[in-house]
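Each chain, written out:
Number of protein chains: 2
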Amino acid sequence: MNFPTKKKTTNKINNKANLGMVLEDMINQTNEFYINANLAIIHKKPTPIQIVKVDYPMRSKAVITEAYYKTPSTTDYNGVYKGYYIDFEAKENHNKTLFPLRNIHPHQVKHLNQIVAHGGIGFLIVAWNHYNEFYLLPLDILNEFWNQAQDDGRKSIPYSIFKEKCIPIKEGYAPRLDYLKAVDILIKNQI
Amino acid sequence: MNFPTKKKTTNKINNKANLGMVLEDMINQTNEFYINANLAIIHKKPTPIQIVKVDYPMRSKAVITEAYYKTPSTTDYNGVYKGYYIDFEAKENHNKTLFPLRNIHPHQVKHLNQIVAHGGIGFLIVAWNHYNEFYLLPLDILNEFWNQAQDDGRKSIPYSIFKEKCIPIKEGYAPRLDYLKAVDILIKNQI
Numbered sequence: 002m003n004f005p006t007k008k009k010t011t012n013k014i015n016n017k018a019n020l021g022m023v024l025e026d027m028i029n030q031t032n033e034f035y036i037n038a039n040l041a042i043i044h045k046k047p048t049p050i051q052i053v054k055v056d057y058p059m060r061s062k063a064v065i066t067e068a069y070y071k072t073p074s075t076t077d078y079n080g081v082y083k084g085y086y087i088d089f090e091a092k093e094n095h096n097k098t099l100f101p102l103r104n105i106h107p108h109q110v111k112h113l114n115q116i117v118a119h120g121g122i123g124f125l126i127v128a129w130n131h132y133n134e135f136y137l138l139p140l141d142i143l144n145e146f147w148n149q150a151q152d153d154g155r156k157s158i159p160y161s162i163f164k165e166k167c168i169p170i171k172e173g174y175a176p177r178l179d180y181l182k183a184v185d186i187l188i189k190n191q192i
Numbered sequence: 002m003n004f005p006t007k008k009k010t011t012n013k014i015n016n017k018a019n020l021g022m023v024l025e026d027m028i029n030q031t032n033e034f035y036i037n038a039n040l041a042i043i044h045k046k047p048t049p050i051q052i053v054k055v056d057y058p059m060r061s062k063a064v065i066t067e068a069y070y071k072t073p074s075t076t077d078y079n080g081v082y083k084g085y086y087i088d089f090e091a092k093e094n095h096n097k098t099l100f101p102l103r104n105i106h107p108h109q110v111k112h113l114n115q116i117v118a119h120g121g122i123g124f125l126i127v128a129w130n131h132y133n134e135f136y137l138l139p140l141d142i143l144n145e146f147w148n149q150a151q152d153d154g155r156k157s158i159p160y161s162i163f164k165e166k167c168i169p170i171k172e173g174y175a176p177r178l179d180y181l182k183a184v185d186i187l188i189k190n191q192i
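Residue numbers (the working numbering), protein chains in the order written: chain C, 2 to 192; chain E, 2 to 192.
Quick caveat, the hints were computed from the structure, so don't treat them as lab data.
Source: prediction; values computed, not measured.
Please note that a few of the clues may not be correct.
You can't tell identical chains apart in this list, so a pair holds if it fits in one copy or across any two.
To be verified - Listed below are the simulated EDC-like cross-link pairs for lysine to aspartate or glutamate, each with C-alpha atoms no more than 16 Å apart in a straight line:
id, residue 1, residue 2
1, Lys-46, Glu-134
2, Lys-45, Asp-77
3, Lys-92, Glu-25
4, Lys-62, Glu-165
5, Lys-111, Glu-165
6, Lys-111, Glu-33
7, Lys-45, Glu-25
Produce the complete structure using the sequences and hints provided.
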């Protein structure tokens, strides 16, 4: 609720990192709420790390002393809800008019399409930080703009498409970001 | 196919590590086969790492210089197969007569039970290295012995139970370890 304030008081790099954490934290808190309320079992996957060197100090636990962040090959979140396999990626967007598609890795789009082809539910959660708005971006809309990007150079989804075609997610206290309500609508629309 | 030979020629610690990798590698190869054959989308989750220190050398990518292995809060593998949410943990067993339950973290058993309660398919894959045999251990059998362990101190599942009640998984070339055949049997038994 207070990102716009935060945005003005911190420097740009920190701000981006903080806002990145905000959406992740909101979803993690929401997932914890869902697990405790016995509504869904959805977890964030660990960040993939390439480990190069590990030290084994005497009698204490192994210390990783050289490692690198790897590009994730799938998405950040997955789990089970009402028997459905749920799989999604969460993205912050700092732009006011467009959601640039360079935010998403090609293998993540491929992964989400594979998920849906096998009967799973795949989507993106996009935070528009400037408006403090959150949307579930269905995969078919992502695909439409993703495929256009290859042809005519358009590499983004306009804000208007989110307003018109995506499913809004309401921010709250508990759950923090009740995205399963949006998933219910997504499932209903698909049947 | 050649673990028993390997077992005799390497020292105990390396051997354990190697065999641990063998099952993981077999499952990873199998998952790759399943994805390429468009049969299922199942991935290993990254190992959870607690990052303590990160260096940012000039113009090169971030280097993690201090990090620790964390206890996983869920299982190693999950994904989607025929619309089902699939979730499992893979364990090597070096014992000849028993599968000790200390191999499994309590939160992993809890997690698998949550998964099944929400309509997912949860199980263990257990490798009996001495016999070079592989089994799908259904959750209800794990639960039975897990709950006994709390009461009367029994903390393992005998080999005979695997022979009699678990679903054997055949080792092969491609796929390396065709566990989806065992999952099909598990699903059929549950309906």
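Hint check results:
In this assembly of identical chains, the alpha carbons of Lys-46 and Glu-134 never lie at most 16 Å apart, being 24 Å within a copy and 30 Å across copies at closest. Taking CA atoms no more than 16 Å apart as the test, Lys-45 paired with Asp-77 passes in both settings, with 6 Å inside one copy and 13 Å between copies. When the C-alpha separation of Lys-92 and Glu-25 is checked against a cutoff of 16 Å, the pair qualifies only within one copy, where the shortest distance is 9 Å, while the shortest distance between copies is 31 Å. Taking the shortest alpha-carbon separations for Lys-62 and Glu-165, neither the intra-copy value of 53 Å nor the inter-copy value of 39 Å comes in at or below 16 Å.
Neither within a single protomer nor between protomers do Lys-111 and Glu-165 lie at most 16 Å apart by alpha-carbon distance, with minima of 25 Å and 41 Å respectively. In this homomeric assembly, Lys-111 and Glu-33 come within 16 Å of each other (Cα to Cα) only across copies, at 15 Å, whereas the closest approach inside a single copy is 28 Å. Taking identical chains as interchangeable, the C-alpha atoms of Lys-45 and Glu-25 lie at most 16 Å apart only when both belong to the same chain, with a minimum of 9 Å there against 21 Å between chains.
Taken one by one, the earlier hints fail for this structure at numbers 1, 4 and 5, listed in ascending order.
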